[in-house]
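Asker: Protein sequences, first through last, are from chains A and B.
Numbered per this note's numbering, the first sequence spans residues 1 to 158.
Numbered per this note's numbering, the second sequence spans residues 1 to 176.
Hints listed in this document are in silico derivations from the structure and should not be mistaken for laboratory results.
One or more hints might be untrue.
Derived SDA-like pairs: lysine to any residue, alpha-carbon spacing no greater than 25 Å straight-line [said to hold, decoys possible]:
{"hint": "1", "chain 1": "A", "residue 1": "Lys50", "chain 2": "B", "residue 2": "Leu159"}
{"hint": "2", "chain 1": "A", "residue 1": "Lys50", "chain 2": "B", "residue 2": "Val42"}
{"hint": "3", "chain 1": "B", "residue 1": "Lys35", "chain 2": "A", "residue 2": "Thr52"}
{"hint": "4", "chain 1": "A", "residue 1": "Lys50", "chain 2": "B", "residue 2": "Ala32"}
{"hint": "5", "chain 1": "A", "residue 1": "Lys50", "chain 2": "B", "residue 2": "Gln168"}
{"hint": "6", "chain 1": "A", "residue 1": "Lys50", "chain 2": "B", "residue 2": "Pro110"}
Where chain B lies over chain A, by a calculated footprint (3+ residues, C-beta under 8 Å) [unchecked claim]:
{"hint": "7", "region": "58 to 66"}
{"hint": "8", "region": "109 to 122"}
Cβ coordinates follow ideal geometry from the N, Cα and C atoms, glycine included.
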Amino acid sequence: MDAIFAERLPWFVGGPLIGLVVVAMYAIWNEPLGVSSFYGHVARLARGRKDTDWLRVWVFAGIIAGAFLGTLLQGGPRVTTGYGALGAALPLVLLVPVLFAGGILIGYGVRWSGGCTSGHGLSGSSALSVASFTATATFMATAIAVSLLLNWLLGGVL
Amino acid sequence: MSAVTFDTPAARDSSASRMPLSMIRLIARARAGAKANRLGFVLGLAFGLLLVLVRVHEYETIHNMLMLRDPYVFLLMGSAVATAAPLLWLLQRRRWHTPFGGTLVAERPPVERRHIGGSIVFGAGWAITGACPGPALAMVASGNILGGVVVAGLFTGLLLRDAVARRQGIPESVSC
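Based on the provided sequences and hints, a complete structural model is requested.
Answerer: Quick look at the structure:
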């Protein structure tokens, strides 16, 4: 398939559309669009727990399907183990454990703080929740500091 | 729980004192039937599609924001919130009755230490991988095998946190 969306959407198109999806989640189900909670309920389902929230499992599945659809529109999918500047800086034997460890930090952190970029950054902030503003400011500031630090440690290759 | 009805604000308020709001919604949705949950697939579809079209599932997009080289994702998130916040405010003011979850009340919990502690840990992981939970899924769907490594780590970290919380006697959160 030819790539219809070869270029990323302009922010002033993509941002408001994402905002409308956040509003839809609240307006239809009275729930925040928090992807980390979707992971939580998929994990519950995997453990065969009865208190699984199926809405969250369905949205989780929908995200994967939607992302695949978007990939088709961009002319993909292309199976790859490329990982941008980080992939270029680290050999694969090092890259895999680093990404796994990074994933653990993400999972541990979002479960602890009760939200991620979507739950706190988009949904909670849109609901004008001070807790979500605090969480968003904290993970933004931390991520910027750690990125700059990593780049410095790796001699500026990132 | 069968005695609780969710159709009137009074019933909602009286039950809210006994149950967390998220649990009330869970029960309300169970009553609305499986259709209410399945419709979530469509919302996820829209969200996943947008994540890929704005390319936040690519390491470079997030990395260039965090290195302060490209304001694109800041503008993206800012304009998303600027769109959603007034609409949400208006819907709540009008006491919007959601089809599957009672009257719209966007939760605004008090600030706790976990919001800062957890976000520091998450922020570090975000910086290393250039991925957060939603885009990590999109990464896998786009064919990036290493996205699967991040997702596997994410599930591991999540279960690790649950184990630590159990040990500390903190009740597991129903929703994030």
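Asker: Are the hints correct? Go through all of them and say.
Answerer: Hint check results:
{"no.": "1", "hint": "A/Lys50 with B/Leu159", "verdict": "17 Å, holds"}
{"no.": "2", "hint": "A/Lys50 with B/Val42", "verdict": "24 Å, holds"}
{"no.": "3", "hint": "B/Lys35 with A/Thr52", "verdict": "16 Å, holds"}
{"no.": "4", "hint": "A/Lys50 with B/Ala32", "verdict": "18 Å, holds"}
{"no.": "5", "hint": "A/Lys50 with B/Gln168", "verdict": "24 Å, holds"}
{"no.": "6", "hint": "A/Lys50 with B/Pro110", "verdict": "29 Å, violated"}
{"no.": "7", "hint": "58 to 66", "verdict": "holds (count 9)"}
{"no.": "8", "hint": "109 to 122", "verdict": "holds (count 14)"}
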